[in-house]
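Peer 1: As they're listed, the protein sequences go chains A and B. Take the first sequence: its position 99, counted from the start at 1, is 99 in the UniProt record's numbering, and no numbers get skipped. Take the second sequence: its position 6, counted from the start at 1, is 6 in the UniProt record's numbering, and no numbers get skipped.
The hints are simulated quantities; they were obtained by calculation from the structure and are not laboratory data. Check before you lean on any hint, since a few could be wrong.
Just some of the chain B residues that point at chain A, by a computed CB distance under 10 Å [claimed, not checked]:
1. Gly132
2. Val142
3. Leu157
4. Val168
5. Ala170
6. Phe189
7. Arg191
8. Leu206
9. Gln223
Glycine included, each C-beta is placed from N, C-alpha and C at the ideal position.
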Amino acid sequence: MNYLNEGLLWLNDPLNWTNPGGVLDRLGEHLLISALAVLVGCLVGWPVGVLLGHRGRGGAVIVTVSNLTLAVPTVALLTILPLTPIGFGKPPVVIALAVFAVPPLLANAYTGVRQIDRETIEAARGMGLSGGQILRRVELPLAVPYLAAGLRTASVQVVATAALASFVNGGGLGQIIAAGFGIGISNGGAGQIVAGGLAVAVLALLVEAVLAVVQRLATPRALRATAPRRRPAVTAGA
Amino acid sequence: MSLLAVPDGPGNPWFSWRYVNDNRETILSALSFHAEVTAQAVGLAVLVALPLAVLAYWVRPLTGPILALSGVLYTIPSLALLAFVAPLVGVTTRAAVLIALVLYALLMIIRNTLAGLEQVPPEAREAAQGMGYSRFGRLWRVELPLALPGIITGVRLATVSTVALVTVGALIGQGGLGDLILGGFRNNFYRAEIMTGTILCVGLALVLDLLLAGVGRLLTPWQRRVRA
Chain A
1 MNYLNEGLLW LNDPLNWTNP GGVLDRLGEH LLISALAVLV GCLVGWPVGV LLGHRGRGGA
61 VIVTVSNLTL AVPTVALLTI LPLTPIGFGK PPVVIALAVF AVPPLLANAY TGVRQIDRET
121 IEAARGMGLS GGQILRRVEL PLAVPYLAAG LRTASVQVVA TAALASFVNG GGLGQIIAAG
181 FGIGISNGGA GQIVAGGLAV AVLALLVEAV LAVVQRLATP RALRATAPRR RPAVTAGA
Chain B
1 MSLLAVPDGP GNPWFSWRYV NDNRETILSA LSFHAEVTAQ AVGLAVLVAL PLAVLAYWVR
61 PLTGPILALS GVLYTIPSLA LLAFVAPLVG VTTRAAVLIA LVLYALLMII RNTLAGLEQV
121 PPEAREAAQG MGYSRFGRLW RVELPLALPG IITGVRLATV STVALVTVGA LIGQGGLGDL
181 ILGGFRNNFY RAEIMTGTIL CVGLALVLDL LLAGVGRLLT PWQRRVRA
């Protein structure tokens with residue numbers, strides 16, 4: 001518990017928050033990188049997932065994609081992408097994180113459309129709606145709770161994984177932990193390591209809590225009983 | 001040794017056999033360290049997770065708290081777990097990585113084991129009771145075997161993500177193949193080293209996954225008959 005005290009002591013120093021490269025700077029970087037990555041993930045995962053669900057095929061592809069990304073280490077993508085034509089800076093970090101955001105978004109979008117009662121779709125068709133109209137007016141609104149569930153899983157995961165960006169000097173709260181290890185325990189770096197760990201952990205739990213509320217709000221009251229499970233069993237690690 | 005091996009001929013290719021040949025021993029020791037840490041982490045996680053899952057299955061009021069606790073541990077980023085554990089057990093020890101990995105793998109095994117136990121048909125449970133099995137006998141002879149597909153799924157998921165997660169240990173020089181990946185990055189962006197580490201890492205995950213899938217098939221012969 002001694003180290004925990006050191007960590008709280010470190011966090012209690014206002015300069016550690018306001019200095020350049022302090023907690024506030026790193027938090028801003030962390031949130032910016034994560035938001036961009038989730039955005040990119042949504043732009044890719046949602047349309048593809050909804051379309052595959054609408055067509056009713058591609059389930060096997062989705063399972064394969066999510067299993068494959070589970071096996072790829074984040075650290076590897078973070079180090080490989082800057083050496084490709086993408087170059088250094090924020091874009092490779094954002095893309096690396098987005099790659100891991102896509103599977104939960106994709107899978108939930110697909111499930112969200114597939115779980116709709118076939119009778120509902122047939123009723124819509126009987127009312128004379130075209131395929132595109134069914135997609136926009138029936139399937140999308142009914143899939144919203146699942147889209148929200150995917151958003152929650154993906155966001156929590158990206159926020160957690162973004163801590164690893166520090167391995168390639170990509171910024172974010174992980175940088176505080178890395179700097180602490182750089183100082184070393186014997187030189188009093190332990191406080192900073194634990195403080196960085198606390199910051200990252202608290203942020204991940206906060207994002208989880210906030211998005212749980214969002215997910216609940218996005219689910220119409222009548223559907224809450226049948227809403228998607230807390231989280232799908234298949235999620236990649238961070 | 002690695003100082004001499006920096007640029008491989010002209011340019012900086014993504015893969016080079018020369019690098020692999022020159023550094024065979026480093027690569028092999030990284031690979032075996034990686035496999036060893038993965039096996040230890042998943043093994044320990046199974047030893048902790050199975051009793052917890054059974055407890056959650058037997059004692060209904062504990063189901064929620066056990067799932068919630070492992071969910072929280074899972075949500076905490078691996079790097080943060082490492083940051084909490086490392087100062088306690090010593091920064092450059094393998095134990096730090098191992099503990100963080102075990103905590104992380106728990107959720108997948110507990111959740112899938114519990115799901116497996118819960119889908120044991122009530123008839124099977126009642127029949128076992130009627131045959132006079134005790135609670136433990138029923139668990140050992142009837143419920144756990146029937147829950148095996150769920151358990152295997154959990155262990156496979158945990159193994160694949162643990163293989164990927166070991167690389168995070170590279171931060172404290174205990175990352176196995178992750179040390180190659182990060183080392184290559186720091187060593188003037190030596191692509192061949194990064195790529196070799198990555199390929200072996202993904203390969204190890206796939207091999208272990210297939211291996212466990214095979215074990216699962218051997219352990220549950222009745223499932224094959226149903227499918228055939």
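Peer 1: All hints, please: hold or fail.
Peer 2: Going through the hints against the structure:
{"no.": "1", "hint": "Gly132", "verdict": "violated, 35 Å"}
{"no.": "2", "hint": "Val142", "verdict": "violated, 24 Å"}
{"no.": "3", "hint": "Leu157", "verdict": "holds, 7 Å"}
{"no.": "4", "hint": "Val168", "verdict": "holds, 7 Å"}
{"no.": "5", "hint": "Ala170", "verdict": "holds, 6 Å"}
{"no.": "6", "hint": "Phe189", "verdict": "holds, 5 Å"}
{"no.": "7", "hint": "Arg191", "verdict": "holds, 6 Å"}
{"no.": "8", "hint": "Leu206", "verdict": "holds, 6 Å"}
{"no.": "9", "hint": "Gln223", "verdict": "violated, 19 Å"}
Of the numbered hints given earlier, the model fails hints 1, 2 and 9; all others are met.
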